[in-house]
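S.K.: Numbered per this note's numbering, the sequence shown spans residues -13 to 112.
Hints listed in this document are in silico derivations from the structure and should not be mistaken for laboratory results. Misleading hints may appear alongside valid ones.
Unchecked claim - Here are the simulated lysine-lysine pairs, PhoX-like style, with alpha carbons at most 20 Å apart:
hint : residue 1 : residue 2
1    : Lys76     : Lys96
2    : Lys98     : Lys76
3    : Lys107    : Lys62
4    : Lys107    : Lys96
5    : Lys62     : Lys96
If you're wondering where the values come from, they're calculated on a predicted model, not measured in any experiment.
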Amino acid sequence: MIFRKIVQFLLIVLTIVSPVFPQVNTSYVEDKDLTVLVPDSPVLVQNYPNPFNAQTMIQFYLPQSGHVSLIIYNLKGQEVLSVINENISKGYHETRIDMSQYASGIYIYKMKTSNTILNRKFVYVK
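With the hints as extra help, turn the sequences into a complete structure.
M.R.: Structure below.
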């Protein structure tokens, strides 16, 4: 089950991220019946759905374990919500965000690891 989720996530990443960010390095992981490209650097996938009402999912991939922070900011640069601030194991992860107590608008979410900072934005509509 977890392997299937990882493969689905990586296929999404390769479909969405590679054409937009060609600098993402990959390496091959071979299975008996399947060969998959695995990113060598952290990946932050665009949330889904976007725009959304109340809740959305944020997915990311870590090539190695380490400290991760995932923080949501408003367009004024003010921190709105700290979603993750802890050590996380390598691999595919997803987290559900509930914005129902916040105002509608455009927000930036930032994932920071020991050597990478990635940003994306989403639209929340009440």
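S.K.: All the hints need checking, so say for each whether the structure fits it.
M.R.: Verification of the supplied hints:
1. Lys76 with Lys96: holds, 18 Å
2. Lys98 with Lys76: holds, 14 Å
3. Lys107 with Lys62: holds, 13 Å
4. Lys107 with Lys96: holds, 9 Å
5. Lys62 with Lys96: holds, 14 Å
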